[in-house]
Amino acid sequence: MAGFIVRRLALLVVVVVGMTLITFILTHVVPGDPARMLAGQHATLDQVEAFRRLYGLDRPLPEQYLIYMNGLLKGDLGQSLTTRRPVLDDLRQFLPATLELTSAALVLVILGGIPLGVLAAVRRGKALDHVIRVVTVGGVSLPVFWLGIALQIVLYRWLGWLPIGGRLGIVDIEPARVTGMYTVDALIAGDTATFVSALVYLILPASTLAAGSLAVVTRMTRAASIEVLDANYVRTARAKGLFETVILRRHVLRNAMIPTMTVIGLQVGTLLAGNVLTEVVFNWPGIGLYAVNAISYLDYAAIMGVTVTISLVYVTVNLLVDIAYVVLDPRISYGARD
Amino acid sequence: MKFDPSILREGTRISRRGALGVLGAGVAFGANFPRRAGAAGSDTLVVSSGGEAVTLDPQVSFDGTSPLLWRACYETLLKLDGSSIDIVPNLAEAFEVAPDGLTYTFKIRPGIAFSDGEALNAAAVKRSIERQIGVQQGIAYALSTVTSVETPDDLTVVLKLSAPSDGLLSAFASTYSPYMISPKALAENEADGDLAQGWLRGNMVGTGPYVLESYTQAQQAVFSRNPDYWKGWDGNHFERIIVKYIQEATTTRLLLEQGEIDIALFLPDDAVEALDGTPGVTVTNVPSFNLYMIVLPSAKGPTTDKRVRQAISHGLDYGTWVTDYMGGKAQQARGPVPSTFVGFDPTVPQYDYDPAKAKALLAEAGYPDGGFTLKYTYETGYWWKRPLGELFQSNMKDLGITVEIQELSPSAWGDLLSNPDTAEHAFGLVWWPTLVTPLDFMWSVFATGAQGTSGFNWGYYSNPDFDALLDAGSVEPDAAKRTDIYNKAQHIIVDEAPALFVYEKNYRLPMRDNVQGFVFNGVYIEMLDYFALGKA
Numbered sequence: 001m002a003g004f005i006v007r008r009l010a011l012l013v014v015v016v017v018g019m020t021l022i023t024f025i026l027t028h029v030v031p032g033d034p035a036r037m038l039a040g041q042h043a044t045l046d047q048v049e050a051f052r053r054l055y056g057l058d059r060p061l062p063e064q065y066l067i068y069m070n071g072l073l074k075g076d077l078g079q080s081l082t083t084r085r086p087v088l089d090d091l092r093q094f095l096p097a098t099l100e101l102t103s104a105a106l107v108l109v110i111l112g113g114i115p116l117g118v119l120a121a122v123r124r125g126k127a128l129d130h131v132i133r134v135v136t137v138g139g140v141s142l143p144v145f146w147l148g149i150a151l152q153i154v155l156y157r158w159l160g161w162l163p164i165g166g167r168l169g170i171v172d173i174e175p176a177r178v179t180g181m182y183t184v185d186a187l188i189a190g191d192t193a194t195f196v197s198a199l200v201y202l203i204l205p206a207s208t209l210a211a212g213s214l215a216v217v218t219r220m221t222r223a224a225s226i227e228v229l230d231a232n233y234v235r236t237a238r239a240k241g242l243f244e245t246v247i248l249r250r251h252v253l254r255n256a257m258i259p260t261m262t263v264i265g266l267q268v269g270t271l272l273a274g275n276v277l278t279e280v281v282f283n284w285p286g287i288g289l290y291a292v293n294a295i296s297y298l299d300y301a302a303i304m305g306v307t308v309t310i311s312l313v314y315v316t317v318n319l320l321v322d323i324a325y326v327v328l329d330p331r332i333s334y335g336a337r338d
Numbered sequence: 001m002k003f004d005p006s007i008l009r010e011g012t013r014i015s016r017r018g019a020l021g022v023l024g025a026g027v028a029f030g031a032n033f034p035r036r037a038g039a040a041g042s043d044t045l046v047v048s049s050g051g052e053a054v055t056l057d058p059q060v061s062f063d064g065t066s067p068l069l070w071r072a073c074y075e076t077l078l079k080l081d082g083s084s085i086d087i088v089p090n091l092a093e094a095f096e097v098a099p100d101g102l103t104y105t106f107k108i109r110p111g112i113a114f115s116d117g118e119a120l121n122a123a124a125v126k127r128s129i130e131r132q133i134g135v136q137q138g139i140a141y142a143l144s145t146v147t148s149v150e151t152p153d154d155l156t157v158v159l160k161l162s163a164p165s166d167g168l169l170s171a172f173a174s175t176y177s178p179y180m181i182s183p184k185a186l187a188e189n190e191a192d193g194d195l196a197q198g199w200l201r202g203n204m205v206g207t208g209p210y211v212l213e214s215y216t217q218a219q220q221a222v223f224s225r226n227p228d229y230w231k232g233w234d235g236n237h238f239e240r241i242i243v244k245y246i247q248e249a250t251t252t253r254l255l256l257e258q259g260e261i262d263i264a265l266f267l268p269d270d271a272v273e274a275l276d277g278t279p280g281v282t283v284t285n286v287p288s289f290n291l292y293m294i295v296l297p298s299a300k301g302p303t304t305d306k307r308v309r310q311a312i313s314h315g316l317d318y319g320t321w322v323t324d325y326m327g328g329k330a331q332q333a334r335g336p337v338p339s340t341f342v343g344f345d346p347t348v349p350q351y352d353y354d355p356a357k358a359k360a361l362l363a364e365a366g367y368p369d370g371g372f373t374l375k376y377t378y379e380t381g382y383w384w385k386r387p388l389g390e391l392f393q394s395n396m397k398d399l400g401i402t403v404e405i406q407e408l409s410p411s412a413w414g415d416l417l418s419n420p421d422t423a424e425h426a427f428g429l430v431w432w433p434t435l436v437t438p439l440d441f442m443w444s445v446f447a448t449g450a451q452g453t454s455g456f457n458w459g460y461y462s463n464p465d466f467d468a469l470l471d472a473g474s475v476e477p478d479a480a481k482r483t484d485i486y487n488k489a490q491h492i493i494v495d496e497a498p499a500l501f502v503y504e505k506n507y508r509l510p511m512r513d514n515v516q517g518f519v520f521n522g523v524y525i526e527m528l529d530y531f532a533l534g535k536a
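Residue numbers (the working numbering), protein chains in the order written: chain U, 1 to 338; chain F, 1 to 536.
For the record, the hints were derived by calculation from the structure and aren't laboratory data.
Virtual Cβ for every residue (Gly too), placed ideally from N, Cα, C.
Heads up, a few of these hints could be off.
Among chain U residues calculated to face chain F with C-beta under 10 Å, some are [to be verified]: (1) GLU49; (2) ARG85; (3) PHE145; (4) TYR156; (5) ILE164; (6) GLU279; (7) PHE282.
Label-pair ranges, simulated between beta-carbon atoms [what the hints assert, rightly or not]: (8) ALA127/U to ARG386/F: 48 to 54 Å; (9) GLN136/F to LEU111/U: 53 to 59 Å; (10) THR422/F to VAL134/U: 51 to 57 Å; (11) GLU63/U to ASP192/F: 23 to 29 Å; (12) ARG92/U to THR347/F: 55 to 61 Å; (13) THR380/F to THR270/U: 21 to 27 Å; (14) GLU404/F to VAL154/U: 38 to 44 Å; (15) GLY117/F to ARG92/U: 29 to 35 Å; (16) ARG386/F to MET69/U: 38 to 44 Å; (17) ARG92/U to GLN136/F: 28 to 34 Å; (18) ALA191/F to LEU12/U: 35 to 41 Å; (19) GLU404/F to VAL178/U: 52 to 58 Å; (20) GLY202/F to ALA127/U: 55 to 61 Å.
For reference, chain U alone in the conformation it holds in the complex (with noise of 0.2 Å):
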């Protein structure tokens, strides 16, 4: 297990310095000249050229790639062009907003999806089986711009039931900082009317964020527990006379949980780029949000920050389910192969 861990950390190394190798000829391939764009309308050729320089935007390519991942290995992501703050500032500030978003949409796709698919496969066929085989294909057919601002403007516009957008309302006061994700912080501050308004504001974003995810989830749980439900170990299983919630537990479950997980695992991903439409909808203040700027900016530093963070997060989030199957099933074991 031990060894399976380290070969996956090295190869995470591997995955982050090929990310942004491609990220960065990308980012550069396209034409377009920041400097210019942010020196301002007015600026003179000596104002331009001055930026350029402040920003190393003078150097040769390949240079400026050796320089930016020399700095990456001490842990420095560069200077933002448009925010003239260091990239990591920027990313500290943002990325907690961004997870406390992906978080909940993910909390809403786990305990939403397993149980419905486990239900529409034991209702296979049923009338419940095809409602939530209608509601998933849409989940996934609407894209988040179109869904998000539906739910706006019939929560929002007409019932006023909740808040359109942003992490908290317009007189709330952020909770004193710790980990930078409002309801955590919330807690920790024992601030218990902040806290409520906070899961007020997520509400939203995150039931538009994990609409797509929740479908996918829902119709790979019914598929793989359909398989179980006709495996010989569950016929075997009723015929002991058990309770048919503790066979959907004990068996069911627990067997259609490893494509499942696989799925989870993979949809972190989907997650953490629609978190990129989500939080322009939304006003959330995440990386997406910062990231839309960045590209139409082309601020080389902040992009390359968020692909590296993005691209950690979620083979980190891999990693932890390849973890996850040894405990789901004892019959994997990684340490076989060392």
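Chain U is fixed; fit chain F onto it per the hints.
Coordinates of chain F only, in the frame set by chain U:
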């Protein structure tokens, strides 16, 4: 809202029901989450901005979105009077420019203090001006002729110039200006000779009506009253100012409709027009100095011939654009200077829509049936550039000229056009003034020195006579003579037609109808005079 420990205790004791309780409370809270009325109150102004501020430092940036914050805390020596372009005293109670244009004297208003208690005196003003020159960013370029800043007494500041400079006086009243920053803050926060740039990026200490309470980049800035503000707090003023950054236009629209925000800046045109007529919302409709052009490639292709450019200028249906596309909230422009701006010459001729005349000019130039292709390029994010390009395309087709339209990202667009090797395109451009001088409009877009990356002359027009006139005008201290020189320059540009002067647009700012005291000034675009605002 105070913490009630009993809630948490109960929550931990019966965990599952507690969790449900919290969720239930969330939904219940959501059922009547605080709408605007109960949320911010009438003593608070909530402004939304579609673009984030780059920096809080008022001297180091030329971007369009940061001045919205600067104006709350920082002030300028002079200002423009109301909606006019008349320069009047502000922090300086009097000012004088010597007849030779080489000496500027400012008398500082006595009794003004920065929000940290430091006095605004001649030394403080000198320090701010010298820092502006030192940082070499922002408006520093306009101060390049300043050779010394002297302080003959505690409330007098004298600038000596190496040459007269048209527009310099307005630099002390502009959106981008040597704003007055507390000398104490500058001294205490300097690090490695950075003139306190690091510190001032996130902190503000000025003489203005409000002080920065909190700032979270990309989220919001909150300002509260500066209790010692020198103008005093009699009358209708806001207690607090909140600037919220909201990227999505639909969200902004909904919030403004519901009254959760009071003024919405940096909204796309279509969102603004959609708000017009919404109950409780008004949209301003006043002339601005925003001049919209289609610049033609003067150095490449058939458009190197002046007659072809004139023909194209006669070929655009200005009336249709102004009436149908802009809904009458604009007017056809005449020349390179807006008709309401200083130095506009009303005698410059205006191109009318006259296809017959256009065809005759084309024939004269050797293109009787057109028969050539013109590329038109625009960058994503400008609502007006595509429809204007399509009207241009359709009108040019009548003259036998094929127009190819290409959309690019803003950076790719700038890259393509600022490179003389790749630029061969007509393009839409909007210009508004930084300094109160016609030079501002003419130099950056048409002077030879502004070609490529040093300006916005991306049509690569070049005319030594015109350049000489601009050079002469910028150093001419005599106002009448200067006007004469700039008038000649305007006549040259209109005759040579390096661009189509399409329209001057009215300023359209959506706000709640109970916001009072808003006065639009075309130089102070997309910023607010918070002190003047109040709520009915």
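Right, here's what the structure says about each hint:
no. : hint                             : verdict
1   : GLU49                            : holds (8 Å)
2   : ARG85                            : holds (7 Å)
3   : PHE145                           : holds (9 Å)
4   : TYR156                           : holds (6 Å)
5   : ILE164                           : holds (6 Å)
6   : GLU279                           : holds (9 Å)
7   : PHE282                           : holds (7 Å)
8   : ALA127/U to ARG386/F: 48 to 54 Å : holds (49 Å)
9   : GLN136/F to LEU111/U: 53 to 59 Å : holds (56 Å)
10  : THR422/F to VAL134/U: 51 to 57 Å : holds (52 Å)
11  : GLU63/U to ASP192/F: 23 to 29 Å  : holds (24 Å)
12  : ARG92/U to THR347/F: 55 to 61 Å  : holds (60 Å)
13  : THR380/F to THR270/U: 21 to 27 Å : holds (26 Å)
14  : GLU404/F to VAL154/U: 38 to 44 Å : holds (43 Å)
15  : GLY117/F to ARG92/U: 29 to 35 Å  : holds (33 Å)
16  : ARG386/F to MET69/U: 38 to 44 Å  : holds (40 Å)
17  : ARG92/U to GLN136/F: 28 to 34 Å  : holds (30 Å)
18  : ALA191/F to LEU12/U: 35 to 41 Å  : holds (37 Å)
19  : GLU404/F to VAL178/U: 52 to 58 Å : holds (56 Å)
20  : GLY202/F to ALA127/U: 55 to 61 Å : holds (59 Å)
In terms of the numbered hints stated before, the structure departs from none.
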